[in-house]
Amino acid sequence: MNASAGHGASVRIEACGKTFIDGTRALEPATLDIARGETLVLLGPSGCGKTTMLRIIAGLELPDPGGKVLFDGKDMTSVPIERRNVGMVFQSYALFPNMSVSDNIGYGLKIRGVPAKERAARVAELVALTNIAGLENRRIDQLSGGQRQRVALARAVAIRPGILLLDEPLTALDAALRDRLRGELNRLLRALGITTIYVTHDQAEAMELGDRVVVMQKGTIAQIGTPREIYFTPQSRFVAEFIGAANIIESPIENGHLVLLGGRQAIGGGASMPAAVAMIRPETIRVVETGSAPLSGVIDSVSFIGDRQRLVISGVSNRLFTVDAPNTVQAKAGERVGLLISPDAVRLLPSNN
Amino acid sequence: MSHRSFVWLCLLPLAVVTAAFFLLPMARLVVTGAEGPQGVAGYLAILTEPRYRATLINTVALAAATTIVTLIVATIAGMFLQRHRFPGRAVLIAMLTFPLAFPGVVIGFLIILLAGRQGLIGDLSNRMLGEKLVFAYSIYGLFLGYLYFSIPRVILTIMAAVQKLDVGLEEAARSLGASPWAVQRDVVLPALAPAFVASGAIAFATAMGAFGTAFTLATNIDVLPMLIYTEFTLAANFSTSAALSVGLGIITWFILALARSFSGSAVAAAG
Chain Y
1 MNASAGHGAS
11 VRIEACGKTF
21 IDGTRALEPA
31 TLDIARGETL
41 VLLGPSGCGK
51 TTMLRIIAGL
61 ELPDPGGKVL
71 FDGKDMTSVP
81 IERRNVGMVF
91 QSYALFPNMS
101 VSDNIGYGLK
111 IRGVPAKERA
121 ARVAELVALT
131 NIAGLENRRI
141 DQLSGGQRQR
151 VALARAVAIR
161 PGILLLDEPL
171 TALDAALRDR
181 LRGELNRLLR
191 ALGITTIYVT
201 HDQAEAMELG
211 DRVVVMQKGT
221 IAQIGTPREI
231 YFTPQSRFVA
241 EFIGAANIIE
251 SPIENGHLVL
261 LGGRQAIGGG
271 ASMPAAVAMI
281 RPETIRVVET
291 GSAPLSGVID
301 SVSFIGDRQR
311 LVISGVSNRL
321 FTVDAPNTVQ
331 AKAGERVGLL
341 ISPDAVRLLP
351 SNN
Chain Z
1 MSHRSFVWLC
11 LLPLAVVTAA
21 FFLLPMARLV
31 VTGAEGPQGV
41 AGYLAILTEP
51 RYRATLINTV
61 ALAAATTIVT
71 LIVATIAGMF
81 LQRHRFPGRA
91 VLIAMLTFPL
101 AFPGVVIGFL
111 IILLAGRQGL
121 IGDLSNRMLG
131 EKLVFAYSIY
141 GLFLGYLYFS
151 IPRVILTIMA
161 AVQKLDVGLE
171 EAARSLGASP
181 WAVQRDVVLP
191 ALAPAFVASG
201 AIAFATAMGA
211 FGTAFTLATN
221 IDVLPMLIYT
231 EFTLAANFST
241 SAALSVGLGI
251 ITWFILALAR
261 SFSGSAVAAA
271 G
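Order-wise, the sequence lines are chains Y and Z. Mapping the first sequence onto our numbering, position 93 (from 1) lands on 93, and the numbers just tick up by one. Mapping the second sequence onto our numbering, position 14 (from 1) lands on 14, and the numbers just tick up by one.
Note that these hints are calculated values from the structure, not bench results. Possibly wrong hints are sitting among the right ones.
Said to hold, decoys possible - Examples of chain Y residues lying across from chain Z (beta carbon under 8 Å, computed): (1) T77; (2) I81; (3) M88; (4) I111.
Stated by the list, open to error - The calculated lysine-lysine pairs, modelled on DSBU-like cross-linking and capped at a C-alpha distance of 35 Å, are: (5) K132(Z) to K218(Y); (6) K68(Y) to K132(Z); (7) K132(Z) to K110(Y); (8) K74(Y) to K117(Y).
Computed from a predicted structure; not experimentally measured. Each residue gets a CB set at the ideal place from its N, CA and C atoms; glycine is no exception.
Chain Z with its partners taken away, still in its complex shape (with noise of 0.2 Å):
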């Protein structure tokens, strides 16, 4: 057996894997969002209906609001946390992270807890205000659930990134007369830029598919995969829920791309 040959049939499990449970059912997928009442038209209906087009804008803002929330939170979390020594540091880091390993369930659950109905804060405005104040299944309780999610990794990214920072670059920039905030602008925003970029594509992807957290909040959420499942389970709507699925893709893959082209650098998409 040539060496060639070898590689090739060292690849033909992954080429097997990957047709059966990821190329198959996706053009299947394509192929069931054309297949409704309007055709292939079905696949605009996400952008010229206006139900479907208000969720989607809808859904890419919270996404957006997500990113741009979870880089700032981390990241002044993150360099603080990486250039300073307290005692507790490392306990603080590890509960920081705690909510990685949680399903969406538990995050929509402690959002609930926190101000639901009977939440803490919805207490707390009671005696304090004589007035509830009660956001957990809204799209505010959903913003808030999605944050929990998103910063703990992008902390660690930002963690990591902030380590390999050159500290002499910032000591030459104060030489040289910059303030403390010339120096962030300048030169450590920059060299931070490629973290930025991976980690919030992670965050963006993740806030414009997750589905355990908004489903626990309340079933009437207009994000797009809440009415993929609304279409698909109640209105067995096979066709709209399909087509949307491959626009949710295809539309989250586009503004990875955008921003993946701005920053120059290479990312890994993560969808």
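Only chain Y is shown next, with the shape it has when bound in the complex (with noise of 0.2 Å):
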């Protein structure tokens, strides 16, 4: 089971759901594979059961009886956390505040009785992976967050498991450090190669990590995908709307048009509908000259953010329209422009979500 290979193990789970003992159900019964040396995301608001979902792979959560975890292929459902060679990194981090730094990374390797020395040797090679030189002899409370970060992703790779499990590891850290973490633990995850599955609520997070990214809505597995296949076909209004911003549009079609408060907008084909729902992601959306689009509206609103600008179009369909301008267009408010939309870039989203 010691994968020193360091490509970890292939994980499944098998109609695993989740009802705690006051009856809320957290999971619905839930299928899925990982593939070995994966990075797999859950996505979701708080309360979608991301987290759960990873407890059920730990092992610190039973799934409701029928379900099942495998690892490798071999059932891990009745075998408990310290077991399943899993490391873990927690949202506080949870390092034990009476070890030093090195202790908190080699405590892993102690349980399992590896030798002092060929431990030293250990921890040394993940103070050096993960940037902790000089850090050593710390105790935790003389940590900054961003060290903790490190000392606990240290703790939990340093036994060589099978499977890492990363539970919101970025939240507690600043904005700053956060965005910089992420590429660090991007290309750390990548040197490891390990089977992983991370829990975020962050979309950036999950975009820029994730071979897959599972988007998870109350229990439920939303939509499973590549970050690209999430971001440009949502196959629900949620996953839209959560992933990335998204103009959400209710209309009739009639011969492939949208049919809209500021215009007709080409989607492709020509099919008719008496209703449909629509997505447009604001950055596909060009504004030109009133008269050389088919769309047009009010600029309400105009907000400069430095690398683009977000205008605020009113007039377009019944709500608000937003869309992403290069920082190079003259826009004000009041102004009327046209919006010069690509068919490829509408996407019809299953009405009934």
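Each chain sits in its own coordinate frame; assemble them with the hints.
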């Protein structure tokens, strides 16, 4: 089970649901395959069941009867966490306050009876890998948030786990540090090549880190796909609105055109529907002179963000329309502008959700 | 009036009360202790006089045993009560903490009911073994009484400390492969250490100085408070009882200070 090659185990969860004692359904029965070496992100708002799913994989929660957890095809459902050989990073980091940094990192090896000399070598290796040289003898309360995060990761990886489980590992950090550590974490996970399951509510983290992203909603899996699939072809309104910014349009379709207040927008094809739901990403819309586009509206407000500007436009559909324009476009509130949208950029969504 | 002198004025009642009811009697006690036929050497009698020394050792051993057993029982019970929810839990906690309100006399009475000549244990052992088991009037009865006295106090402290434990720490240790025993040894017990010292100090100091229970059980149990009482009321030996009182205070204080420095955490030394 000790995957010293560093590629870890494959994971399958089969019909795993979770109902808590008080009757709350945290997770509807879900089935999911995670390939060896893959980084899978469980993404969703709080209370969507993502942490419950992680804890079932870890062995901290038992799935409801009928659910199964398999590592490399072996049934692990009734195996407790201490014998699953998983590395886990907690949101609070859960570092042992009564041990130094190096004792924290070496704890799992000590429990496994690894000789002190070998242990010290492995700890040194991880200290170098996670960039915390010089902190080995510090107490935990002498570390900053970012340093704690690295120690927690080093401790989880030290035991050469088959699977690495991370529960919102960056949430406790401030925004700037979070962005930097996200990149660092990404390089580290790629270098380790270990099977990783990463829980987050932050879609930017999910996009950057995930080979695949599982979007969850109210205890069910809303969509599974690569970050690109999730972003460009959301299968539901929930996914479209949760990932990135999206303009959701409810309108009838006539001969392959959305019929809107501000004009008619082609979507390709020649279909007609009395009611449809469509999504258009703000960055796919070009602001042009009125008259040179079939769609137009009035600029309600302009927010200059730096690398781009976000325009809010009224009169296009029955709700405000968001457009991301290059920072070179001259736009003023009150101006009427034309909006050019390629038919490919319009994504129809099932109208029942 | 300046702010500073206002603060001093507010502290005046405290200073008066402290001086009148604490410092002055203490000073008088210390002086009295040195007024015996042996003078200041009377203070050493607690260590040099064989009867006194034996009593001192007895008392410290009893207090230490009470503290250790109380900590073991209360930790297991407190951890279970804090971590589990079951019907009747609130009633059980209320009953466990009920003895808090009892004076030592009542505790002594309960021990006599349990292990005295007409007690429950005596009755049972008489029927089963044909021999009456009676230990209420000995140091074992006193030990049981002190346990009964200390456990409620310690349980409440331990429960509060367990509630503050980060469950994530235990889960992290388990994820690293630690068995349930290893989790207790490496994570839970170290985290509870400050609570052990705080509540253990109170249990120890109480067991060193408690008088009511010992007095109810018998007048010939060899513990320091009883010795002080007999020297004072029966032998009218004021200087010896004063010296013994000061000695009891200093020894208790010294052992608590030692425990505190070992744990390295701030714990109010309960006198």
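Quick rundown of the hints versus the structure:
For T77(Y), the interface hint is violated, the least distance from its beta-carbon to any beta-carbon of chain Z being 17 Å, above 8 Å. Annotation: interface hint on I81(Y) holds; nearest CB of chain Z at approximately 5 Å, less than 8 Å. Given the 8 Å rule on beta carbons, the hint for M88(Y) holds: about 4 Å separates it from the nearest Cβ of chain Z. The restraint placing I111(Y) at the interface with chain Z holds, with a minimum CB-CB distance near 5 Å, inside the 8 Å limit.
Restraint check: the Cα-Cα separation between K132(Z) and K218(Y) comes to about 67 Å, which exceeds 35 Å; the hinted pair is violated. For the hint pairing K68(Y) with K132(Z), the CA-to-CA distance comes to about 60 Å; that exceeds 35 Å, so the pair is violated. With a CA separation close to 53 Å, the supplied pair K132(Z) and K110(Y) exceeds the 35 Å bound. A threshold of 35 Å between alpha carbons decides the hint, and for K74(Y) with K117(Y) the separation of about 33 Å falls inside it, so the pair holds.
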